[in-house]
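Protein chains in written order, with the numbering used here: chain L, 4 to 557; chain U, 2 to 297; chain S, 4 to 320.
Some hints could be false.
Only some residues are given here: those of chain L computed to face chain U with a beta carbon under 10 Å [as the list claims (entries may be wrong)]:
# : residue
1 : N129
2 : V344
3 : Q345
4 : Q346
5 : L347
6 : L411
7 : P487
These aren't lab readings, by the way, just hints derived from the structure by calculation.
In this text, a Cβ means the ideal position worked out from N, Cα and C, and glycines have one as well.
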Amino acid sequence: MDYSQLDKVRRSAVPLQLDAVEAFVAGRLSRREFIQRASIVGLSMASIGAVIAACGGTSTSPGASGAKTGGTIRCAVQRPVSVDPVAMEDLGGYGITAQSFEFLCAQNTSEPSGLSPGLALEWTPNADGTVWTFKLRQNAKWMHDGSAFTSADVVATMERLVKAGNSGLKGVLPAGGAVATDANTVTFTLSGGNGNFPYLVSVYNAQTLITPKDYVAGTKFNDRPTGTGAWKLKSYNQASNAVFERNPDWWGGKTPLDGTEWIFFDATGPMITAYQGGQVDAIVQFDVLTGSSLLTDPNFTLIAQPAALHRQIWMRCDTGQFAKKEVRQALAYTFDRPALVQQLFKGRAQVGNDHVIWQNYPYYDSSVPQRTQDIAKAKSLLAAAGVPNLTATLYAGQLQEIPDLCALLKSQAAPAGITLNVSTESLSTFYGAQWCPKAPADPPCSGAKELGIVDYGHRATPDVYLNAALKSKGIWNSSQYNSPAFDAAFTAFQASVGVDAQKAACKNIETILNEDVPVGLPYFYNYLAGNSNKFTGVFSSALGQMSFATTSKV
Amino acid sequence: MDVVVTPAPVAPMAAPPVSERAQARRETLRLLIKRPAFILGNIVIIGWVITALLGERITPYDPFNYFTIQQLPPSAEHWMGTDRLGRDVLSRVMVGSRDVLIVAPLAAMLGVVAGTLLGLVMGYYRGRVDDVLSRLVEAFLALPVILVALLTLVVLGSSPIVVVGVVGILFTPIVARTVRSAVLSERELDYVTAAKLRGESGRFILTREIFPNVLGPTVVEMTVRFGYAIFTVATLSFLGVGLQPPSPDWGLTVSQEYTTMISGVWWPTLFPALAIASTVIAVNLIADSLQSVLSD
Amino acid sequence: MARFISRRLLLSLLTLWLLATLVFIIANVLPNDVGRTILGPFAPQESVDALNERLGTNRPILVRYVDSLLGLVTLNFGKSFVSDQPVLPQLLDAMVRSAKLAGLALFITIPLAITAGVYAARRRDRPVDRGIVLLGVTMSSIPEFVTATALVVVVGVQLQLLPVLATPPPDADIPTQIRYLLMPATAMAIVYFGYIARMTRAGTIEVLQSDYTRTAMMKGLTPNQTMRRHVLRNALIPTVAVIAVQIGYLFGGIIAVERIFNYDGMGRTMLFAAQQKDIPMLTAGVILIGIVYMMATLVADMTIAWMNPRIRLDAER
Chain L
4 MDYSQLDKVR RSAVPLQLDA VEAFVAGRLS RREFIQRASI VGLSMASIGA
54 VIAACGGTST SPGASGAKTG GTIRCAVQRP VSVDPVAMED LGGYGITAQS
104 FEFLCAQNTS EPSGLSPGLA LEWTPNADGT VWTFKLRQNA KWMHDGSAFT
154 SADVVATMER LVKAGNSGLK GVLPAGGAVA TDANTVTFTL SGGNGNFPYL
204 VSVYNAQTLI TPKDYVAGTK FNDRPTGTGA WKLKSYNQAS NAVFERNPDW
254 WGGKTPLDGT EWIFFDATGP MITAYQGGQV DAIVQFDVLT GSSLLTDPNF
304 TLIAQPAALH RQIWMRCDTG QFAKKEVRQA LAYTFDRPAL VQQLFKGRAQ
354 VGNDHVIWQN YPYYDSSVPQ RTQDIAKAKS LLAAAGVPNL TATLYAGQLQ
404 EIPDLCALLK SQAAPAGITL NVSTESLSTF YGAQWCPKAP ADPPCSGAKE
454 LGIVDYGHRA TPDVYLNAAL KSKGIWNSSQ YNSPAFDAAF TAFQASVGVD
504 AQKAACKNIE TILNEDVPVG LPYFYNYLAG NSNKFTGVFS SALGQMSFAT
554 TSKV
Chain U
2 MDVVVTPAPV APMAAPPVSE RAQARRETLR LLIKRPAFIL GNIVIIGWVI
52 TALLGERITP YDPFNYFTIQ QLPPSAEHWM GTDRLGRDVL SRVMVGSRDV
102 LIVAPLAAML GVVAGTLLGL VMGYYRGRVD DVLSRLVEAF LALPVILVAL
152 LTLVVLGSSP IVVVGVVGIL FTPIVARTVR SAVLSERELD YVTAAKLRGE
202 SGRFILTREI FPNVLGPTVV EMTVRFGYAI FTVATLSFLG VGLQPPSPDW
252 GLTVSQEYTT MISGVWWPTL FPALAIASTV IAVNLIADSL QSVLSD
Chain S
4 MARFISRRLL LSLLTLWLLA TLVFIIANVL PNDVGRTILG PFAPQESVDA
54 LNERLGTNRP ILVRYVDSLL GLVTLNFGKS FVSDQPVLPQ LLDAMVRSAK
104 LAGLALFITI PLAITAGVYA ARRRDRPVDR GIVLLGVTMS SIPEFVTATA
154 LVVVVGVQLQ LLPVLATPPP DADIPTQIRY LLMPATAMAI VYFGYIARMT
204 RAGTIEVLQS DYTRTAMMKG LTPNQTMRRH VLRNALIPTV AVIAVQIGYL
254 FGGIIAVERI FNYDGMGRTM LFAAQQKDIP MLTAGVILIG IVYMMATLVA
304 DMTIAWMNPR IRLDAER
């Protein structure tokens, strides 16, 4: 243990950063968790490396050496529905806008769930995590007129997002909370202490890309193409593709490739055949069952990231056949989670324990026992609840593996006396008819069916899941879960800023959710993307933002 | 001794009496049975019908609840291999016939019944009724079946009932058109004029005189429609708006499995596709034989 | 002839109106939240309400109906709900692309099918005839998505002979465009070959058996002369009628084929619009298809009338 190195870092660290360092040194954080945690609280890469080295480890850094220049890469993506940076909600939109626009905090390419400097060079929290100071990059320029990127742009962007009710910033950043203290510094004063704030202005909160100060909310990206990033929009055809060319004024230097082309598809099948036929080089996201041939293709570089992508099998806790906790637990005991992981994802998923705290969150607590399939227990629970047999309709939307999940759940539940009738429909109809019907509007989602499956995308913190889906009167609370104990635990979690406090709060949350089972959560599956071996240096976030800035032809 | 011969009354040129018609039908049947195409078509269809009726009772494995760990190629245990979730393909193909053989014939019959009625009325009465209805029929014909079915199914949701209704309604104009032109040529013939002179009502002429004579083209049309119904339902399922998972419907299965063909997994796609093709071919063979025999 | 055409045009307008009404009814039969569909389930309610306001989806249904009709009459098809761009240019582009695909398919199919049909009819009930009929039945029984899938995997991926994505690069010359479109066109051509060949065969047989053919032969014309002067003209009548009606089925087959080959024609555009409930796009698209269909039938009927004077005179009565 190299104490001198360690002390150097300790002396310059602010309390929250120190907390992370100490937790790592004491072994309460794994190396990966430390990199993640430390990068969030603003410890520089150099310091992180120094701490790891001081404790006898080696930290990997991405090599960048003599890359070939020239060429274009073509990638396949689901057709974007909206490319309005403030309001977009689909992976196609996220990926395309992230080619030209950038975030304060970028993805750490060597530790995918960590952060690294983007448009912000460094960030520092105060002692209780209520005020965050971001120092901005000075040499970034706007593509549309060559003007310099300044703090005014950041403040304007944040105000726009708060006004639009951005789900990540809601309740965290109040209106007027972002202030430009000088041309290159922005101070964020939050509504309360939050140890994860940088995530919310990073690549993981996809709408927080920094747009120019005079950007009008509601403008589509292709109507006003601009940004500070590596790629300049050359042409955009909503029906077929988007073409980008190198931005010669990018602060990151000259990109090896000359340009990128994003080709739009309406289904995953044609994406796979297009790749196999040599007409696209990269795929933004695909599911295991459709793309299983890619997993074993030696010429394909798979980007498989564990992610918090999951499905929630909600059960109404207030009325209907699942109102009793024992019935919900019984259904959860019929899930054969490892089998689901194997059949639906060929192993590329992590088993879930009926709560939304993903294993890779730094504050995940593993002490809650993992629920496994136990038909006998399910039967006894049902008997205790007085319903030895039950028949219910399982509603779901047609998205990726969800219909297959329904088929598997049906056959897994049958031996316990639970008969599930599967009813699937198109996604857009499903959301409005079964999951959260417009009426009755108060409480939200009170018109939801008693049993259904809904999909959730990746989030870097579980705040959104906890707040919207599980808190009483949450806007996406289809199970109508209403537990004062849970609400209190959630509030405690939000208020905690140190590593230990967060872990303790999470343990509480996990225990409560695992016991009450308002939603069954069998797995968190990996985000799959990839590219042909003809290219190297392709990175992707779990939200469809594929980065080609360091990509080159092999 | 002179035998007084009373000449039998000259029968008006009406439709041939019933017994003659029955004899004609038997003759037609005899001719049909001689044609190998007809026999072959019927064997295939009856085979599928039996499979559909017996369903899970004769499948080697449970098509919905039996899963193998890995995807297996065709072998002695699994004649058609297993699909991407590990279910036996042969069992699913067998049970998949049920959905198709219920939905498609119902849709075809709906179209044919409605279309025949419409065509009879339009062709016989002509005049304003015909003009108005013809415009409606043309409007429907201008719409591509798949597109309207797609649109309606997306809006109303794709339950089997809606599929039957939509496809049936969309077939009606085509049948109506065929029946109408058949009626148009029939109504000029002498026996119709004779019937009118006799004072028969329009309805009587239509049902007792004209209809039996257009039965030929109508039957052919019905078999052709049946083939198209299978075709259309399979395509709609392929596009995702027909039958829904976890139904083992053939079109749906092809859409879910075809991307694995490149890694050499051809069996979950090929067999359902062959099933679709075999059914439609069989129906078309029957239709073709009927057409040949009836038009002689 | 002029009366014939003008009458047909008037009736066509009536049909178009019916078409527009039909689409409007289908698209609006269920209350659906357009704003919510566009923005997705996770968007805040305020944005959804604002969007609905902007698109005018909250107005009473009759107002919206009249509005859409007025728009069609003035050829203002409106803006797409999804992309907020005018609908017509995108649809016309897609129409042209689909027309190229369909055109290539018909170009491959029609000469082959007609030849096969006539050939089979002349050798009726002999093995060649039976063979052609069987081939025709088989080919028209295999749905386009099956042949398209097989072609994609075998020719496109395994053998890498032809490109899997059917969209040619912009400014490609004709041979390149044909190369890109060959696979999807073949998938469609296979189905129509069977149907057209059998139709031609049936028509030819009927004509060959008729009185005037026998008269022609008795007059001393050789079989070939008979063929050319009398038989072909009359036999092709049902075929031409069929080809026009097939536009409807052609379009249906195109949807599946375009999806598999990711080709940006009318089929794929309509599919996407239906899924997104993009009503302006759908209405305009269906109207355009209807117009094409009506022009095709008009041309077909005129051709038939030209070929057979009796029908022409009858129509004018």
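Index of numbered hints that the structure contradicts, given in increasing order: When the structure is compared with the hints, numbers 1, 2 and 7 turn out to be violated.
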